[in-house]
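If you're matching them up, the sequences are chains S and P in order.
Residue numbering for the first sequence follows the numbering used here, starting at 1 and increasing by one per position.
Residue numbering for the second sequence follows the numbering used here, starting at 1 and increasing by one per position.
Among the hints, a few may not be true.
What the hints assert, rightly or not - Sample of chain S residues at the chain P side, in silico, Cβ under 7 angstroms:
(1) 70
(2) 106
(3) 113
(4) 116
(5) 120
Think of the hints as simulated: they come from the structure by calculation, not from any bench.
Cβ coordinates follow ideal geometry from the N, Cα and C atoms, glycine included.
Protein chains: 2
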Amino acid sequence: MTITITAFERSPDGGMGLSRDVRVRWALEELGQPYDVRLVSFAALKEPAYRAMQPFGQIPAYTEGDLVLFETGSIILHLAEQHEGLLPRDADGRSRAITWMFAAIGTIEPPILDLATAKFAEGREPWTEQRLPLIEARIHARLQELADYLGDADWLDGDFSAGDLMMVHVLQRLKPSGLLDKHPILAAYVARGEARPAYQRAFAAQLAINAPRG
Amino acid sequence: MTITITAFERSPDGGMGLSRDVRVRWALEELGQPYDVRLVSFAALKEPAYRAMQPFGQIPAYTEGDLVLFETGSIILHLAEQHEGLLPRDADGRSRAITWMFAAIGTIEPPILDLATAKFAEGREPWTEQRLPLIEARIHARLQELADYLGDADWLDGDFSAGDLMMVHVLQRLKPSGLLDKHPILAAYVARGEARPAYQRAFAAQLAINAPRG
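Just chain S, same shape as in the assembly:
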């Protein structure tokens, strides 16, 4: 059955690869699965037709025959269970990889989202300049814990997994801020993720849509 994901008609990041469809594109490339993309405008995300598929008006939504899914973690877990390559074969290793998927979303991403909210939703508020160091300190605390855990390992738990894919993409959102540079262990970890051919293909595919037109 054809897999279709939704993506921004024009990503707010102008092709940096930070929009969440890239996570799913990357997973599909790792698993060697072809997919179609349906581009959606910001206006269309608010319309009932889209909300019927994705109640929160976010991208990506995923369709495969009659099945409709959303949330990148859920989509990637669904794909990783059907096709080999993103989860270990042994049950314990599989559960640990899924732990890292949830840790990326539940523990590492929230303070990173906070930074984005401060800059974009509250960028003109008088308090934002004073708040930024507090938010950055919370991010650094989590990054330090993650770096302490990772140490000199290549990936979070053995081979590259869906947990690494999610974590690398969550960390990539920090690149424009420069915060990642203070954690060389994590900067190198992100670079390892970005060096994977499947990531390169996913990045190129979104860039073909989002690159600034000359």
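Guided by the hints, dock chain P onto chain S, whose structure is given.
The following block gives chain P in isolation, referenced to the frame of chain S:
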């Protein structure tokens, strides 16, 4: 094999049931699985012995023989795959229930965490009083979308699932703020969750540890 979870020696909420171990206790009760609890002090959460098990010093951590897991979503998914009762039997329904687990953590919880951060970490900052309405507006927007989706259904997708369990517990965190009262559909949804005998047992078990001593 014996299941052991960690919990706060003394929960910051004084027994309201909002600490994350309650999610896992609830899942274990729904599935009829016995478990042990290891109580941990705030100081112990920072120690290397605990960090070796849970790199971010959070509760709950989960052990079952040699397997160590963390993140409530991951623990509950692991349990729901081994024991019947929290995921539909059909593959598509199962993937949709997992979508709601991720939506609880990835979409609904972040603005709710923001409110907690504003009140506790930034409670004395001069800007917090002005920021609270902005944070509350972001929470209400998500709650409205969730309520629009839920409508007059009892649960998010057919029978009660691990997705509902996660979502109800995430929403419960809003109870002290009164924000949930403005969304009667969701207040009733949370009440349905709390009325489940398994929830009642989980709540009583944490209360026995955390109730204020007279």
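Going down the list of hints, with the structure as the test:
| no. | hint | verdict |
| --- | --- | --- |
| 1 | 70 | holds (6 angstroms) |
| 2 | 106 | holds (5 angstroms) |
| 3 | 113 | holds (5 angstroms) |
| 4 | 116 | violated (11 angstroms) |
| 5 | 120 | violated (12 angstroms) |
Figure legend: structure checked against the earlier numbered hints; hints not met, in rising order: 4, 5.
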